[in-house]
Structures are given as structure tokens and as C-alpha cells.
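J.: Chain by chain, the residues run as shown.
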Amino acid sequence: QKEVEQNSGPLSVPEGAIASLNCTYSDRGSQSFFWYRQYSGKSPELIMFIYSNGDKEDGRFTAQLNKASQYVSLLIRDSQPSDSATYLCAATNTGNQFYFGTGTSLTVIP
Amino acid sequence: GAVVSQHPSWVICKSGTSVKIECRSLDFQATTMFWYRQFPKQSLMLMATSNEGSKATYEQGVEKDKFLINHASLTLSTLTVTSAHPEDSSFYICSALVVGPGELFFGEGSRLTVL
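Going down the list, the protein sequences come from chains Z and B. The opening position of the first sequence corresponds to residue 1 in the working numbering, with each subsequent residue numbered one higher. The opening position of the second sequence corresponds to residue 1 in the working numbering, with each subsequent residue numbered one higher.
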């Protein structure tokens with residue numbers, strides 16, 4: 001069983017819509033969760049992290065964590081074509097081991 | 001966010017030669033760095049965990065004698081691909097852990113092409 005699972009997509013949304021990216025994890029001891037964006041041919045860049053149950057908002061991005069369901073999501077409001085990328089979810093328990101999902105490919109259609 | 005720099009960003013070498021890739025944390029000290037490899041349209045694959053002052057921990061299936069990792073200081077880890085072959089051509093990415101917040105930041109990546 002993979003530690004972190006994501007739907008590989010591709011996910012397509014029209015410009016201006018809300019994109020919803022989902023991630024589940026298997027280790028109940030996971031403490032912190034991260035969302036990274038990776039453009040083709042580039043390395044991942046950190047969008048935001050979350051470690052408390054509930055929502056965390058940063059600009060157009062909202063991360064949601066539900067530890068009981070072992071579920072993390074990322075919402076992108078007012079999606080732009082520049083948001084088209086692969087989004088990686090990661091979880092860590094000790095802070096020394098990070099488990100990445102395989103990523104979800106998002107395409108925002110103008 | 002914290003800055004992690006990788007060098008070189010692109011390298012082409014002949015088969016049989018060795019290539020060194022550097023990963024530096026520019027504005028923080030990183031006791032732990034990670035090395036990944038990523039083939040086109042595939043997900044990140046963790047190769048090894050590098051801890052300052054100690055031997056790296058390699059993932060299963062990664063040859064430690066082929067991929068030499070040195071983490072001699074709190075701001076620098078190096079990956080040396082020894083006797084490189086065309087199948088080693090890939091995108092190599094390092095990341096560094098910021099202790100405290102526990103955030104992980106990635107370098108820009110190094111694209112290796114072995115002819």
C-alpha cells in the first residue's frame with residue numbers, strides 16, 4: 001500500500017473555476033502535509049503546508065485536512081491557465097521522512 | 001521560502017565518466033537533504049537521505065557505490081554519479097529540510113544526459 005495516494009488525473013477545469021485536488025494517506029502518525037506544484041521540466045515548489053484539522057487559506061489556495069478520514073485536499077479558486085501543472089501531495093511523520101504521492105496533472109482551459 | 005540551489009542545472013557527459021551535482025542551502029542550515037530522480041512524465045523517486053556528518057541512507061534498489069553522496073557541511077550535499085551510462089540520464093533533484101517548521105524545499109534540479 002502506498003503511503004500517499006493521489007488521483008493521477010488529468011484533471012481539467014475551465015478558467016475561473018475551482019480546481020479540487022485530493023490526497024489520502026495511510027500512516028495515521030503523519031503530522032504535517034504539503035502541497036507542491038511542479039511545472040513540466042522544473043522541480044517542485046512548495047505551495048503550502050497544513051498540520052491542523054480544518055482549512056488553511058493562502059490567497060487563491062485552500063488546503064483542507066481531515067485526520068480522521070486521513071484526507072488532504074487543495075482547492076484552487078479562480079483557476080488560471082498558469083495553474084496548469086502537476087500537484088504533488090506529501091506527508092511526513094517525524095519530519096525526516098517525506099512520502100510523496102505520484103501527483104495530479106491539472107489543466108486549466110482558457 | 002528557503003532557498004536551495006543546485007549546480008549544474010544541465011550537464012552532458014560521455015558514458016563512463018563521473019558527474020558531480022551540488023546542492024546548497026543558501027539561507028539556512030540543513031542537517032538533512034534528500035536526493036530524488038525523476039524520469040519524464042514519472043513521479044519523484046527518492047534515491048537517498050543525506051544527513052550531515054554521517055553516511056547517506058539509500059533506498060532499496062539504489063546502488064550506493066554508483067551514486068555517491070557526501071554531506072560534509074550543513075549547507076552542502078553532493079551527489080556523484082560514477083561511471084555514468086545512458087540509462088542514468090534523468091532529472092536529479094535535491095531537497096533540504098528546514099528544521100523547526102519542518103518544511104522541505106527543492107533545488108532547481110539538474111538534468112543529466114549521458115551520451
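Simulated from the structure, these hints should not be mistaken for lab results. Cβ atoms here follow ideal geometry from the backbone N, Cα and C, with glycine treated the same way. Incorrect hints may appear among the rest.
[Stated by the list, open to error] Within a straight-line C-alpha distance of at most 27 angstroms, the following computed DSS-like cross-link-like pairs (lysine-lysine) qualify:
1) Z:K56 / B:K66
2) B:K41 / B:K64
3) Z:K67 / Z:K42
4) B:K20 / Z:K2
5) B:K41 / B:K55
6) Z:K2 / Z:K67
7) B:K14 / B:K41
8) B:K14 / Z:K2
9) B:K14 / Z:K56
10) Z:K56 / Z:K67
11) B:K41 / Z:K42
12) B:K41 / B:K66
13) B:K20 / B:K41
14) B:K66 / B:K14
15) B:K64 / B:K20
16) Z:K56 / Z:K2
17) B:K66 / B:K20
18) B:K55 / B:K20
19) B:K20 / Z:K42
20) Z:K42 / B:K64
21) B:K14 / B:K64
[To be verified] What the simulated footprint calls covered on chain Z by chain B, stretch by stretch (three residues with Cβ under 8 angstroms from a Cβ of chain B suffice, anywhere in the stretch; the number is not a length):
22) 9 to 18
23) 54 to 66
24) 94 to 108
[Unchecked claim] Label pairs and their calculated CB-CB ranges:
25) B:K14 / Z:R77: 44 to 54 angstroms
26) Z:K2 / B:S54: 35 to 45 angstroms
27) Z:I109 / B:V99: 39 to 49 angstroms
28) Z:T94 / B:M45: 15 to 25 angstroms
29) Z:I18 / B:C13: 39 to 49 angstroms
30) B:Q29 / Z:Q97: 15 to 25 angstroms
31) B:H7 / Z:P110: 48 to 58 angstroms
32) B:F39 / Z:N66: 25 to 35 angstroms
33) B:C13 / Z:S40: 37 to 47 angstroms
J.: Report the numbers of all earlier hints that the structure fails to satisfy, in ascending order.
T.: 1, 3, 4, 5, 8, 9, 22, 23, 26, 31, 33
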